[in-house]
Amino acid sequence: MCDYVFDSVSEDFQRFFFKFPFRLHFHWLFKQTEIPRFIKMSETIKIPDTPEREQRHSESDDTEHEVQFTPIVSLPEVHVSTNEEDEVEFLKLRAKLYRFDSRSDTPEWKERGTGVLKILRHKEKSSFRVVMRRDKTLKVCANHFITPWMNLKDSVTNEKAFIYTVMADFADEEAKSECLAVKFATHDNAALFKSKFGDAQEILKTDCDLYNGKVEEEIQKEIEKILEASEENEDEDDTKEISEKLSQLDVDKKKIESDVKVVDQ
1 MCDYVFDSVS
11 EDFQRFFFKF
21 PFRLHFHWLF
31 KQTEIPRFIK
41 MSETIKIPDT
51 PEREQRHSES
61 DDTEHEVQFT
71 PIVSLPEVHV
81 STNEEDEVEF
91 LKLRAKLYRF
101 DSRSDTPEWK
111 ERGTGVLKIL
121 RHKEKSSFRV
131 VMRRDKTLKV
141 CANHFITPWM
151 NLKDSVTNEK
161 AFIYTVMADF
171 ADEEAKSECL
181 AVKFATHDNA
191 ALFKSKFGDA
201 QEILKTDCDL
211 YNGKVEEEIQ
221 KEIEKILEAS
231 EENEDEDDTK
241 EISEKLSQLD
251 VDKKKIESDV
261 KVVDQ
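Residue 1 is where the sequence shown starts when you use the working numbering, and the numbers rise one by one after that.
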């Protein structure tokens, strides 16, 4: 098309046009050019990494991510007591606990919780108790002492479960007599629980003063002391009563003698 334009004009016009100061060419206007492509600066210009530049980048990154918030109220750390500080773990196993609800219309076993069951031994008294907390909430679902006369029975329907009765369970606000059933995941855990439960009962008979007879002896001694003290008090009371009567007799005798003298005169 450019050739057609230049051929159609006269030679004089062409001669005048090429003498124009700016030397504009229509040929450039009609020439097809490629559309410029937008590119990133990083593709054309590569900025060298210097130690100072790297340090500035690291400092800027640190300042961006280290956000500190000052609390309005500072709360001190509070130590929560579990009442297990004076005890040591004698056994620790995962189990599922049930209780027999006899007060409902249809008596049945009800699940009480699933979690970690512990048998704890007191460091000084050598007493044992069973403590179990529910998963996640950590709420106590079993808290009772082991006694030598507790009977741990095997469950008829499940070989990995045991049934026993406690006189006082302190899991709730009030102590209640409960019939409990504990079930384990494996036969080994069930056998271990039964063995440790029996060992605890044997230790109670020998090491715990409440069951080895020492407490009964101390109670008997205290009773004897009280009886002796009461007998001594009774003897003292009798002595005082006799002395008072004798003094009263002396007063009456003196009065009689004085009356006799008056009559004789």
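In case anyone wonders, no lab produced these hints; they're calculated from the structure.
Keep in mind the model is a prediction, meaning the values are calculated, not measured.
Among the hints, a few may not be true.
[Said to hold, decoys possible] Taking CB as the label site, the calculated pair distances span: (1) 79 with 215: 46 to 54 Å; (2) 139 with 168: 14 to 22 Å; (3) 216 with 167: 27 to 35 Å.
[As the list claims (entries may be wrong)] Straight-line distance between alpha carbons at most 30 Å, and here's what the computed BS3-like set of lysine-lysine pairs gives: (4) 96 with 225; (5) 183 with 225; (6) 110 with 125; (7) 205 with 136; (8) 153 with 183; (9) 194 with 96; (10) 196 with 176; (11) 125 with 194; (12) 221 with 153; (13) 221 with 183; (14) 183 with 96; (15) 214 with 160; (16) 139 with 225; (17) 196 with 136; (18) 160 with 221; (19) 196 with 96; (20) 123 with 221; (21) 92 with 221; (22) 96 with 136; (23) 196 with 183; (24) 118 with 92; (25) 176 with 194; (26) 194 with 183; (27) 183 with 214; (28) 225 with 92; (29) 176 with 225; (30) 153 with 123; (31) 110 with 123; (32) 136 with 110; (33) 153 with 139; (34) 176 with 123; (35) 196 with 221; (36) 92 with 136; (37) 196 with 123; (38) 221 with 136; (39) 92 with 183; (40) 221 with 194.
Even for Gly, the Cβ is constructed at its ideal location relative to N, Cα and C.
message = residue 176 and residue 225 were given as a pair; does the straight-line alpha-carbon distance stay at or below 30 Å?
response = violated, 35 Å
key: Distance restraint between residue 214 and residue 160, which requires alpha-carbon spacing of 30 Å or less   = Given that 30 Å is the threshold and the Cα spacing comes to 37 Å, the pair is violated.
query = Has the given pair, residue 221 with residue 136, been kept, meaning a C-alpha gap of at most 30 Å?
reply = Not OK: residue 221 and residue 136 at ~49 Å, beyond 30 Å, violated.
request  = Could you grab the alpha-carbon distance between residue 183 and residue 96 and see if it respects the 30 Å cut-off?
outcome  = holds, 5 Å
key: Straight-line alpha-carbon gap residue 153 to residue 139, limit 30 Å   = holds, 26 Å
ask   = Taking only the CA atoms, is the gap from residue 92 to residue 221 under or equal to 30 Å?
value = violated, 40 Å
message = Next pair to validate is residue 205 with residue 136; report whether the Cα-Cα distance is within 30 Å.
response = violated, 36 Å
ask   = Going straight from one Cα to the other, do residue 153 and residue 183 come out at no more than 30 Å?
value = holds, 12 Å
query = Are the Cα positions of residue 153 and residue 123 separated by 30 Å at most?
reply = Distance ~28 Å between residue 153 and residue 123 Cα, so the pair holds.
key: Holds or violated: residue 92 to residue 183, with C-alpha atoms at most 30 Å apart   = The given pair, whose Cα atoms are some 14 Å apart, holds under the 30 Å limit.
inquiry  = Would the hint linking residue 96 and residue 225 be met if the CA-CA limit is 30 Å?
reply    = Answer violated: residue 96 to residue 225 is near 50 Å, above 30 Å.
request  = Take a quick look at whether residue 139 and residue 225 sit within 30 Å of each other, Cα to Cα.
outcome  = Given pair residue 139, residue 225 is violated - Cα atoms ~46 Å apart, limit 30 Å.
In this structure, the earlier hints numbered 1, 3, 4, 5, 6, 7, 12, 13, 15, 16, 18, 21, 27, 28, 29, 31, 35, 38 and 40 are contradicted, and the remaining ones agree with it.
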